[in-house]
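Residue numbers (the numbering used here): 180 to 941.
It is possible that some hints are incorrect.
Quick list of in silico lysine-lysine cross-link-like pairs, DSS-like style, CA-CA up to 25 Å [claimed, not checked]:
#, residue 1, residue 2
1, K802, K837
2, K286, K229
3, K218, K286
4, K569, K582
5, K258, K306
6, K306, K218
7, K888, K837
8, K218, K258
9, K368, K229
10, K368, K286
11, K569, K601
12, K900, K888
To be clear, the hints were calculated from the coordinates, so they are not data collected in a lab.
Remember, it's a predicted structure, so these values are computed and weren't measured experimentally.
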Amino acid sequence: MRAVNKSNFEVEDSLARWIDSADSVESAPDFLGRTKFVKTLANAFGRLPKDRSTVTGVFGPWGSGKTWILENMVETLSKEYSNAVQVCRFSPWELKSSDQILFEFFKLVESELSQGNAPVDLLEVWKDLEELFLAGAVTSTAAALASGNEEFGVVGALLGFLGDIFGKAKKSRERADGKRKTLQSVKLKLEEKLRESEIEPILIVIDDLDRLTHEEICMMIRLLNTTANMPKLHYVIFGDRLQIASALNTLAGGNGDRYLEKLVQNSFQVPEPGESQIRLRLWEGLESLFRKYGESPQDFAKRFGEYWDNFIRLRVINLRDCYRLLRTTSFHCEALSNDSTLNVDLLDLLGIDLLRVFDPELYHQIATGPPTYLWGVKNYGLTREEEDSKYFVLLVESSSLGKAAACGALISLFPCVRSRLKNYIEENQLGRLRRYHRRDSEIGPLAVAQESRAEIYFRLDLSGADLPEFEVRNLTQVRFESQDLVERLRYFRTKGWFNQLSARIRSDTSIVESSQASKEFLFALACVADEFDESVDDYEFMSVLSLTDVLVERITESEREGVLRHIVEECPAVTLSLSLLEGFRVASGCSFSNGLKFDGHIAPISVDLIEELSDSVVPVVSKAIFHNRFLSTRRQASRCYRLAHALGPQRTAQVLEKMLENERIDEEKIWYLVEAIVSNVMLNTRGRGILNDLDSPDSLQIFGNLVNKDLAQFASEGFWKAFYKESDVPSWFEPKELVSALLQTLNNSLMPVDTVPREVVV
Numbered sequence: 180m181r182a183v184n185k186s187n188f189e190v191e192d193s194l195a196r197w198i199d200s201a202d203s204v205e206s207a208p209d210f211l212g213r214t215k216f217v218k219t220l221a222n223a224f225g226r227l228p229k230d231r232s233t234v235t236g237v238f239g240p241w242g243s244g245k246t247w248i249l250e251n252m253v254e255t256l257s258k259e260y261s262n263a264v265q266v267c268r269f270s271p272w273e274l275k276s277s278d279q280i281l282f283e284f285f286k287l288v289e290s291e292l293s294q295g296n297a298p299v300d301l302l303e304v305w306k307d308l309e310e311l312f313l314a315g316a317v318t319s320t321a322a323a324l325a326s327g328n329e330e331f332g333v334v335g336a337l338l339g340f341l342g343d344i345f346g347k348a349k350k351s352r353e354r355a356d357g358k359r360k361t362l363q364s365v366k367l368k369l370e371e372k373l374r375e376s377e378i379e380p381i382l383i384v385i386d387d388l389d390r391l392t393h394e395e396i397c398m399m400i401r402l403l404n405t406t407a408n409m410p411k412l413h414y415v416i417f418g419d420r421l422q423i424a425s426a427l428n429t430l431a432g433g434n435g436d437r438y439l440e441k442l443v444q445n446s447f448q449v450p451e452p453g454e455s456q457i458r459l460r461l462w463e464g465l466e467s468l469f470r471k472y473g474e475s476p477q478d479f480a481k482r483f484g485e486y487w488d489n490f491i492r493l494r495v496i497n498l499r500d501c502y503r504l505l506r507t508t509s510f511h512c513e514a515l516s517n518d519s520t521l522n523v524d525l526l527d528l529l530g531i532d533l534l535r536v537f538d539p540e541l542y543h544q545i546a547t548g549p550p551t552y553l554w555g556v557k558n559y560g561l562t563r564e565e566e567d568s569k570y571f572v573l574l575v576e577s578s579s580l581g582k583a584a585a586c587g588a589l590i591s592l593f594p595c596v597r598s599r600l601k602n603y604i605e606e607n608q609l610g611r612l613r614r615y616h617r618r619d620s621e622i623g624p625l626a627v628a629q630e631s632r633a634e635i636y637f638r639l640d641l642s643g644a645d646l647p648e649f650e651v652r653n654l655t656q657v658r659f660e661s662q663d664l665v666e667r668l669r670y671f672r673t674k675g676w677f678n679q680l681s682a683r684i685r686s687d688t689s690i691v692e693s694s695q696a697s698k699e700f701l702f703a704l705a706c707v708a709d710e711f712d713e714s715v716d717d718y719e720f721m722s723v724l725s726l727t728d729v730l731v732e733r734i735t736e737s738e739r740e741g742v743l744r745h746i747v748e749e750c751p752a753v754t755l756s757l758s759l760l761e762g763f764r765v766a767s768g769c770s771f772s773n774g775l776k777f778d779g780h781i782a783p784i785s786v787d788l789i790e791e792l793s794d795s796v797v798p799v800v801s802k803a804i805f806h807n808r809f810l811s812t813r814r815q816a817s818r819c820y821r822l823a824h825a826l827g828p829q830r831t832a833q834v835l836e837k838m839l840e841n842e843r844i845d846e847e848k849i850w851y852l853v854e855a856i857v858s859n860v861m862l863n864t865r866g867r868g869i870l871n872d873l874d875s876p877d878s879l880q881i882f883g884n885l886v887n888k889d890l891a892q893f894a895s896e897g898f899w900k901a902f903y904k905e906s907d908v909p910s911w912f913e914p915k916e917l918v919s920a921l922l923q924t925l926n927n928s929l930m931p932v933d934t935v936p937r938e939v940v941v
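Using the sequences and the hints, build the whole thing.
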């Protein structure tokens, strides 16, 4: 760590202001050495002549530091020359139209004249000039809109009407001798009044002239040309000279720059900061971030040099780029840290943010499928080891960063990409990329190239949820019967892509097209279905069921029995087995619940086969419960409805009795089930506007009987009475009053169906 001194504190404090305050350019330190220029320029403006007008141009490309010069110049004038010159700032690019620009310009100068105690007759002549300009602008706009275009007829008529108003106003201000005031006569009168007045010179500062449209730039230059020869009115314009001259080409027959030379007497060109200056400013910003999060900057200096050479220098080409990137990275550091500890590699985050800010499309492609080492080894369209990846070549070729910067960013952030672009690097003579790179073994534990860390870098990105097309293509290359497919489905789920994958497979038969592939994919899906059932995203599990329905349809009818048997007997997970049995029961007319609705299109199979398979599932479910893969949380208790609808009350009772017999299984799991049943009944009755008030004994009695009817789907009356007699209500079961009433109802005989009001049967 470098020695601490006062200047270092000043640098870090200034950087903090830059990073935290995006618009406080004037507070940035002068590390480009322009203070003397600003001081000298302010001295000149503090001694402006009173007998004539001057126009000064401060020109420079976007991001060259013009705004810093402007802010500090105005500040110096206000502190040291407030009694010698009036500074009037005008920003035309903030206004919406040419008419508004003219109106605001004249009102702003009029306000400065008033504050400078200009005599009334001077203000009157200034208003005359304003009136002539506005009337001419409105009338010409009306003519342009109304001529040759019917759709602008109404607008043209309106503007023409406004032009008439200004014309009438001009007539009312005719000279005493009956002659109408002309622009020339008003200018001469204004020049005379300004020369006679005692006001101090007015410096009109016009910022970002190059941001206007070409028509608006021409209008502003005409305005300056008209008023630039007036005593005590001085102008300084800031902008890109090339942009302004290009706009003036229409006025000067292609000689816009020469036209500008005639208007501007004093011209200064602001050079762009050099590469070393921009690099220094970016590194000093990163130093402050490293120290904020307890890191030593020197530990990252060498890799920063590689990143700079490989891609950063090719895109961060001015100070605005530098500050914008620092602000973005600083914000994301706050979002991706805990207790002042970063969860990401700061330099990798800087690289990812550079893509995010300057090439959103490339960033989007990376966010949807980061090329980490493990995935880079297996995927991305390689047919032979020595070939480049067509996917990565396409990313580089289409990047707005340019080939060298895009290629450099990819191999710097994801070293595995280097071997997938080696021929491309050679062919395009990207020599720097051959020299500067990290070895795969040098990837840090927080790097974006780490499989376990990549997701963190894109948590603030909504596009990361989009399913990449290359992932779909890669899926078709996996052998469906292998464990790789199971792992791939888990990966799709962790990335949030499964719902999209399900929709793609359902709508595109080319992904899983054959009966054999459908069987193998269905078994892999069955292996992970329990994990989907645990998700808080119910829509995700519905996608599993919808995909199951389609896959079953694609399996030939003669093979369905074997597929179902294979899933039930061989798959360690139970969710899909129960769902399939439930669906086949509905399709085959042997459902245990008349109210059950199944949206699928599963074809019927033999009832005897369904019952045989149901018997086979009972030990599988019991084993899953024993190993805590089923009914392990209160949320999963809703699975038991699927259990009851697939197996019926007798088999479900066998599962529940096994649970009570096993000492390793807490009886609270059955209370999970009771809670799920109570919640289901409550949801159905209240959702239909029934039994909203459970305070009355009659309502509680009806509600208790509805719960009893649901309990009967899982086990006999005797089972439940014995369970409630021997088991205490857990402390977490709420509300207690409802539980007491429920137990009182359950300790009586189960209410016959006929005594339950028809409108509240669930």
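Verification of the supplied hints:
With a C-alpha separation of about 10 Å, the suggested pair K802 and K837 falls inside the 25 Å cut-off, and the hint holds. Restraint check for K286 and K229: satisfied, since their Cα atoms lie roughly 22 Å apart, inside the 25 Å limit. A distance of roughly 30 Å separates the Cα atoms of K218 and K286; the hinted pair therefore is violated under the 25 Å criterion. With a C-alpha separation of about 14 Å, the suggested pairing of K569 with K582 holds against the 25 Å cut-off.
At most 25 Å may separate the alpha-carbon atoms for a hinted pair to count; K258 and K306 exceed this at roughly 31 Å. As the CA atoms of K306 and K218 are separated by approximately 35 Å, the hinted pair breaks the 25 Å bound. Annotation: proposed proximity of K888 to K837 holds, straight-line Cα distance about 22 Å (limit 25 Å). Taking the CA atoms of K218 and K258, the gap is near 12 Å; set against the 25 Å cutoff, the hint holds.
Using a Cα cut-off of 25 Å, the hinted pair K368 and K229 holds, with the two alpha carbons roughly 17 Å apart. Distance check on the hinted pair: K368 and K286 sit about 19 Å apart at the alpha-carbon level, within 25 Å; holds. Taken as a hint, the K569 and K601 pair is honoured in the structure, with Cα atoms around 12 Å apart against an allowance of 25 Å. A distance of roughly 14 Å separates the Cα atoms of K900 and K888; the hinted pair therefore holds under the 25 Å criterion.
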